[in-house]
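Participant: The lines below spell out each chain.
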Amino acid sequence: MSQRVRNPFIAKGVRRFGRSKAYSRSGKWAVKTKGPLDAAPAEETTVDKTFQGGVRKVPKQKQSRYYAAEDVSTPLYSRKKNTNPQKVRESLVPGAILILLSGKFRGKRVVLLKVLDSGLLLISGPYAVNGVPLRRVNAAYVIGTSTVLDLENVNIPDHLNDEYFKRPASANSAEFGEEADAGKNTISQERKDDQKAVDSGLLQVITPPVKAYLNARFSLSKRDYPHQMKF
Amino acid sequence: MPHQKKNVQATKPRLFVKAKITGYRRSKVKQYPQWTLLKLEGVNSKEETDFYLGKKVAFIYNATKRKEGNRTKVVWGKIARPHGNSGAVRARFQRNLPPKTFGATARVMLYPSRV
Numbered sequence: 001m002s003q004r005v006r007n008p009f010i011a012k013g014v015r016r017f018g019r020s021k022a023y024s025r026s027g028k029w030a031v032k033t034k035g036p037l038d039a040a041p042a043e044e045t046t047v048d049k050t051f052q053g054g055v056r057k058v059p060k061q062k063q064s065r066y067y068a069a070e071d072v073s074t075p076l077y078s079r080k081k082n083t084n085p086q087k088v089r090e091s092l093v094p095g096a097i098l099i100l101l102s103g104k105f106r107g108k109r110v111v112l113l114k115v116l117d118s119g120l121l122l123i124s125g126p127y128a129v130n131g132v133p134l135r136r137v138n139a140a141y142v143i144g145t146s147t148v149l150d151l152e153n154v155n156i157p158d159h160l161n162d163e164y165f166k167r168p169a170s171a172n173s174a175e176f177g178e179e180a181d182a183g184k185n186t187i188s189q190e191r192k193d194d195q196k197a198v199d200s201g202l203l204q205v206i207t208p209p210v211k212a213y214l215n216a217r218f219s220l221s222k223r224d225y226p227h228q229m230k231f
Numbered sequence: 001m002p003h004q005k006k007n008v009q010a011t012k013p014r015l016f017v018k019a020k021i022t023g024y025r026r027s028k029v030k031q032y033p034q035w036t037l038l039k040l041e042g043v044n045s046k047e048e049t050d051f052y053l054g055k056k057v058a059f060i061y062n063a064t065k066r067k068e069g070n071r072t073k074v075v076w077g078k079i080a081r082p083h084g085n086s087g088a089v090r091a092r093f094q095r096n097l098p099p100k101t102f103g104a105t106a107r108v109m110l111y112p113s114r115v
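As they're listed, the protein sequences go chains C and H. One point on numbering: in my numbering, the residue at position 90 of the first sequence is 90, and numbering is uninterrupted. One point on numbering: in my numbering, the residue at position 29 of the second sequence is 29, and numbering is uninterrupted.
Just so you know, the hints here were simulated from the structure itself, not pulled from any lab data. Beta carbons: idealized from backbone N, C-alpha and C, even for Gly. Warning: the hint list may mix true and false statements.
[Stated by the list, open to error] From the structure, some residues in chain H lie toward chain C, with a derived Cβ separation under 8 angstroms:
hint, residue
1, P13
2, R14
3, L15
4, V29
5, G42
6, V43
7, F51
8, Y52
9, L53
10, E68
11, Y111
12, P112
13, S113
14, V115
[Stated by the list, open to error] Here are the simulated DSS-like cross-link-like pairs (lysine-lysine), alpha carbons at most 25 angstroms apart as the crow flies:
hint, chain 1, residue 1, chain 2, residue 2
15, C, K222, H, K46
16, H, K46, C, K230
17, H, K39, C, K222
18, H, K100, C, K87
19, C, K114, C, K192
20, H, K12, C, K211
21, H, K18, C, K104
22, C, K104, H, K56
23, H, K18, H, K56
24, H, K100, C, K230
25, C, K230, H, K39
26, C, K230, H, K18
27, H, K67, C, K104
28, H, K18, H, K100
29, C, K192, C, K166
30, C, K87, H, K56
31, H, K56, C, K222
32, C, K104, H, K12
33, C, K222, H, K18
34, H, K20, H, K73
35, H, K12, C, K222
36, H, K73, H, K56
37, C, K104, H, K100
38, H, K56, C, K230
39, H, K12, C, K230
40, C, K104, H, K73
This is chain C alone, in the form it adopts within the complex (with noise of 0.2 angstroms):
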């Protein structure tokens, strides 16, 4: 972030160029009047009424009589309401081999299927492979290899988004008195056959060496460096 200072400050409240040398530094003077770039028609905002005394113009939409008396309070910043969407590294592209970071599954190499709208990753073992399931997983816990899988011909439904994967929210709110479910997780056959549908295609694309290395969990070894390292 090295740019250059048009007009620096030499001493304290003291700038280099004076006003008229900053005028032609600044290049303004250059600059041609440019009309508005759509060039739309303005509306009429009056409107011509007869009084008695004559002709008036007169505002099309006649100013309301009534404004709040208290201030209108502004909704706040809520995090929930997110309109950009998070922007993900370069390296995590669809197809592309990942090694996870943390979690049960620290140091296995997985696909990612796409990036889901809240900025979460969906990757896939497959589950046949190295059984990492279908799963979202965080972009900063996980690194991306420079390894990309084509998966032009496999096909992602759209059904799996953040919807699908959210965690029922009334699987820790159980009221006292009542039994809270074991904790047992039972599989839905919907993600069974997901699963299966996602992974159908995968395989077709996954060679055998890709395999090995899909099998294989990263690990640091006594030399390794991750600093030196090329993923």
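Take the given structure of chain C and dock chain H to it, following the hints.
Facilitator: Just chain H now, kept in the frame of chain C:
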């Protein structure tokens, strides 16, 4: 049957870099316990520390009492900036590390990843 060497790397992969806790940031007579200095393995110059900036660090130790069947405790921190020219690094932990930890090993995780 000969003793089969279990592939430990497969089951317990090492996904962190070892770092020695060398002390607090300090001058001759004044020290700043907020900042602990770490010497990462294999990192020997300021340029090499760039990869590790922002990474989470864990100082892991054992307590005497078992809580939930586990004695292991962690103090988490972050690598904030390089320290000097030879690859040392300044880290800030959630609670300042006690001087007892100097010479001990901390784990520098590979996340948040920027690769």
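Participant: Compare the structure with each hint and give your call.
Facilitator: We went through each hint and held it up to the structure:
{"no.": "1", "hint": "P13", "result": "3 angstroms, holds"}
{"no.": "2", "hint": "R14", "result": "5 angstroms, holds"}
{"no.": "3", "hint": "L15", "result": "6 angstroms, holds"}
{"no.": "4", "hint": "V29", "result": "34 angstroms, violated"}
{"no.": "5", "hint": "G42", "result": "4 angstroms, holds"}
{"no.": "6", "hint": "V43", "result": "6 angstroms, holds"}
{"no.": "7", "hint": "F51", "result": "4 angstroms, holds"}
{"no.": "8", "hint": "Y52", "result": "7 angstroms, holds"}
{"no.": "9", "hint": "L53", "result": "10 angstroms, violated"}
{"no.": "10", "hint": "E68", "result": "15 angstroms, violated"}
{"no.": "11", "hint": "Y111", "result": "5 angstroms, holds"}
{"no.": "12", "hint": "P112", "result": "4 angstroms, holds"}
{"no.": "13", "hint": "S113", "result": "5 angstroms, holds"}
{"no.": "14", "hint": "V115", "result": "5 angstroms, holds"}
{"no.": "15", "hint": "C:K222 / H:K46", "result": "22 angstroms, holds"}
{"no.": "16", "hint": "H:K46 / C:K230", "result": "19 angstroms, holds"}
{"no.": "17", "hint": "H:K39 / C:K222", "result": "16 angstroms, holds"}
{"no.": "18", "hint": "H:K100 / C:K87", "result": "42 angstroms, violated"}
{"no.": "19", "hint": "C:K114 / C:K192", "result": "19 angstroms, holds"}
{"no.": "20", "hint": "H:K12 / C:K211", "result": "21 angstroms, holds"}
{"no.": "21", "hint": "H:K18 / C:K104", "result": "21 angstroms, holds"}
{"no.": "22", "hint": "C:K104 / H:K56", "result": "18 angstroms, holds"}
{"no.": "23", "hint": "H:K18 / H:K56", "result": "12 angstroms, holds"}
{"no.": "24", "hint": "H:K100 / C:K230", "result": "36 angstroms, violated"}
{"no.": "25", "hint": "C:K230 / H:K39", "result": "22 angstroms, holds"}
{"no.": "26", "hint": "C:K230 / H:K18", "result": "19 angstroms, holds"}
{"no.": "27", "hint": "H:K67 / C:K104", "result": "21 angstroms, holds"}
{"no.": "28", "hint": "H:K18 / H:K100", "result": "18 angstroms, holds"}
{"no.": "29", "hint": "C:K192 / C:K166", "result": "16 angstroms, holds"}
{"no.": "30", "hint": "C:K87 / H:K56", "result": "22 angstroms, holds"}
{"no.": "31", "hint": "H:K56 / C:K222", "result": "20 angstroms, holds"}
{"no.": "32", "hint": "C:K104 / H:K12", "result": "11 angstroms, holds"}
{"no.": "33", "hint": "C:K222 / H:K18", "result": "10 angstroms, holds"}
{"no.": "34", "hint": "H:K20 / H:K73", "result": "18 angstroms, holds"}
{"no.": "35", "hint": "H:K12 / C:K222", "result": "14 angstroms, holds"}
{"no.": "36", "hint": "H:K73 / H:K56", "result": "16 angstroms, holds"}
{"no.": "37", "hint": "C:K104 / H:K100", "result": "32 angstroms, violated"}
{"no.": "38", "hint": "H:K56 / C:K230", "result": "21 angstroms, holds"}
{"no.": "39", "hint": "H:K12 / C:K230", "result": "22 angstroms, holds"}
{"no.": "40", "hint": "C:K104 / H:K73", "result": "19 angstroms, holds"}
The structure fails to meet hints 4, 9, 10, 18, 24 and 37 from the earlier list, while all remaining hints are met.
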